[in-house]
Amino acid sequence: MAVKRRNISRPLERVSLDEALQKVLNSAAAESYRPRTLKDYRKVWGWVFGTLNEELDAGIRFVDEVTLDHFRSYVRHCLDRGLAAGTVNVRVRALKAMFNRLVREGAITENPTTHLQKLRDDEKVLRVFGTSEIKRLLSYIDKGTFAGFRDYCAILLAYDSGLRSCEINSLELNDVDFDNHVILLPGAKNKNRKTRAVPISPSMAKLLKQLVAETREFFGSGVRLVFVNNNGNSMSDSRLRSRMHEYGKRSGLNETFRVSPHTLRHSFATNFLLNGGNIVTLSKILGHADVSTTKRYLNLSHDDITHAHSKYTPLNEIAVSDR
Numbered sequence: 001m002a003v004k005r006r007n008i009s010r011p012l013e014r015v016s017l018d019e020a021l022q023k024v025l026n027s028a029a030a031e032s033y034r035p036r037t038l039k040d041y042r043k044v045w046g047w048v049f050g051t052l053n054e055e056l057d058a059g060i061r062f063v064d065e066v067t068l069d070h071f072r073s074y075v076r077h078c079l080d081r082g083l084a085a086g087t088v089n090v091r092v093r094a095l096k097a098m099f100n101r102l103v104r105e106g107a108i109t110e111n112p113t114t115h116l117q118k119l120r121d122d123e124k125v126l127r128v129f130g131t132s133e134i135k136r137l138l139s140y141i142d143k144g145t146f147a148g149f150r151d152y153c154a155i156l157l158a159y160d161s162g163l164r165s166c167e168i169n170s171l172e173l174n175d176v177d178f179d180n181h182v183i184l185l186p187g188a189k190n191k192n193r194k195t196r197a198v199p200i201s202p203s204m205a206k207l208l209k210q211l212v213a214e215t216r217e218f219f220g221s222g223v224r225l226v227f228v229n230n231n232g233n234s235m236s237d238s239r240l241r242s243r244m245h246e247y248g249k250r251s252g253l254n255e256t257f258r259v260s261p262h263t264l265r266h267s268f269a270t271n272f273l274l275n276g277g278n279i280v281t282l283s284k285i286l287g288h289a290d291v292s293t294t295k296r297y298l299n300l301s302h303d304d305i306t307h308a309h310s311k312y313t314p315l316n317e318i319a320v321s322d323r
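Here the UniProt record's numbering is used: the first residue of the sequence shown is 1, the next is one more, and so on.
Source of the hints: derived by calculation from the structure; they are not laboratory data.
In this text the structure is predicted, and so the values were computed from the model without any measurement.
It is possible that part of the hints are untrue.
[As the list claims (entries may be wrong)] Cross-link-like lysine-lysine pairs, in silico, DSS-like; alpha carbons within 25 Å at most: (1) Lys39 / Lys194; (2) Lys135 / Lys249; (3) Lys23 / Lys39; (4) Lys135 / Lys39; (5) Lys135 / Lys206; (6) Lys143 / Lys249; (7) Lys194 / Lys143; (8) Lys135 / Lys23; (9) Lys96 / Lys23; (10) Lys295 / Lys284; (11) Lys96 / Lys143; (12) Lys143 / Lys118; (13) Lys295 / Lys206; (14) Lys209 / Lys143; (15) Lys249 / Lys209; (16) Lys118 / Lys39; (17) Lys135 / Lys43; (18) Lys118 / Lys194; (19) Lys135 / Lys118; (20) Lys118 / Lys295; (21) Lys311 / Lys295; (22) Lys194 / Lys249.
[Said to hold, decoys possible] Computed Cβ-Cβ distance ranges for the label pairs, DEER-style: (23) Gly144 / Thr306: 15 to 21 Å; (24) Ser238 / Leu68: 30 to 36 Å; (25) Glu105 / Gly232: 39 to 45 Å; (26) His115 / Gln210: 16 to 22 Å; (27) Gly252 / Ile279: 22 to 28 Å; (28) Leu119 / Leu184: 18 to 24 Å.
Think of the CB as a built atom: it goes at the ideal place given N, C-alpha and C, for glycine as much as any other residue.
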């Protein structure tokens with residue numbers, strides 16, 4: 001009688017926290033994840049396990065020691081420190097993605113984030129800029145300097161097109177069709193990796209052409225980027241955000257608005273719809289793979305809804321009388 005082989009499972013080789021993070025980054029990089037995503041993974045990993053080990057004395061050395069209770073403790077700690085539910089949820093999503101990957105890579109057999117729930121978060125309506133706010137913001141920019149004119153163009157471009165700050169900062173001269181007033185963003189610069197055509201106003205195209213001419217005059221004809229810093233190099237997302245924040249302080253708008261590139265993107269989208277644009281076209285311009293993303297992205301304020309109703313209600317076409 002033949003003797004059957006026994007199925008003997010070998011114990012997994014234990015993986016340290018540092019090794020686990022490296023596995024995540026290597027695996028994601030091999031799948032062409034964007035550098036920004038890898039950077040976010042690294043930051044979240046550092047925040048979470050730095051807090052667990054240094055502030056909550058968890059004493060975690062190996063990734064297979066991590067439990068659901070550890071992550072729940074971290075979430076409670078974040079809330080106790082006053083972090084917003086939305087901020088915590090961003091970190092929870094990143095943790096889930098990383099630990100799903102660690103299971104696939106064979107670093108762990110059980111996923112401690114499987115039953116980790118996102119926090120319930122009240123829906124917030126982001127206040128968007130109208131014409132008067134944009135004019136006020138722009139009036140505090142010194143266009144007599146290169147940096148001021150560059151910022152002026154960047155703010156108007158975001159408001160005119162809905163481009164993300166990273167898309168503005170990476171915009172190259174070859175991406176802009178000045179004659180047809182359109183920006184063609186290659187897939188490498190888009191979140192969904194699809195080439196995207198973003199229309200711009202003729203006046204915006206003229207401003208960008210002037211900016212490029214001045215940039216090349218300052219830094220040479222070899223400059224490929226449309227927006228550069230004072231050294232002729234690429235601008236960081238944080239730099240553009242900080243410049244906008246400074247203009248928000250100068251103008252006083254930061255007391256009632258979040259003055260940021262993201263607010264400009266929201267403002268473009270909201271005003272596009274209020275002015276009669278359709279959501280399918282808007283979705284294409286914003287670079288959303290699905291219209292449902294655009295619907296979640298937009299929240300009209302009560303004033304916006306009231307204004308739109310007064311403008312478009314069918315009762316406007318009827319002569320109403322109480323006699």
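Verification of the hints:
1. Lys39 / Lys194: Cα-Cα ~22 Å, so holds.
2. Lys135 / Lys249: Status holds; Cα separation ~15 Å.
3. Lys23 / Lys39: Between Lys23 and Lys39 the Cα gap is close to 14 Å, so the pair holds against 25 Å.
4. Lys135 / Lys39: violated, 36 Å
5. Lys135 / Lys206: holds, 19 Å
6. Lys143 / Lys249: Status holds; Cα separation ~18 Å.
7. Lys194 / Lys143: violated, 35 Å
8. Lys135 / Lys23: Roughly 49 Å between the alpha carbons, so the hint for Lys135 and Lys23 is violated.
9. Lys96 / Lys23: holds, 15 Å
10. Lys295 / Lys284: Holds, at roughly 13 Å.
11. Lys96 / Lys143: Violated, at about 46 Å.
12. Lys143 / Lys118: Violated - the C-alpha atoms of Lys118 and Lys143 are around 45 Å apart, more than 25 Å.
13. Lys295 / Lys206: Violated, at roughly 32 Å.
14. Lys209 / Lys143: holds, 15 Å
15. Lys249 / Lys209: It is violated: about 29 Å lies between the C-alpha atoms, which goes past 25 Å.
16. Lys118 / Lys39: holds, 22 Å
17. Lys135 / Lys43: Given that 25 Å is the threshold and the Cα spacing comes to 37 Å, the pair is violated.
18. Lys118 / Lys194: Answer violated: Lys118 to Lys194 is near 30 Å, above 25 Å.
19. Lys135 / Lys118: violated, 39 Å
20. Lys118 / Lys295: Since the Cα atoms of Lys118 and Lys295 sit roughly 21 Å apart, the hinted pair holds (cutoff 25 Å).
21. Lys311 / Lys295: holds, 21 Å
22. Lys194 / Lys249: Outside the cut-off at roughly 37 Å; violated.
23. Gly144 / Thr306: 15 to 21 Å: At 40 Å between Cβs, range violated.
24. Ser238 / Leu68: 30 to 36 Å: Given about 34 Å between the Cβ atoms, the range holds.
25. Glu105 / Gly232: 39 to 45 Å: holds, 42 Å
26. His115 / Gln210: 16 to 22 Å: Given a distance of about 56 Å, which is not inside 16 to 22 Å, the answer is violated.
27. Gly252 / Ile279: 22 to 28 Å: violated, 33 Å
28. Leu119 / Leu184: 18 to 24 Å: violated, 40 Å
Checked against the numbered hints given earlier, this structure breaks hints 4, 7, 8, 11, 12, 13, 15, 17, 18, 19, 22, 23, 26, 27, 28; the rest are met.
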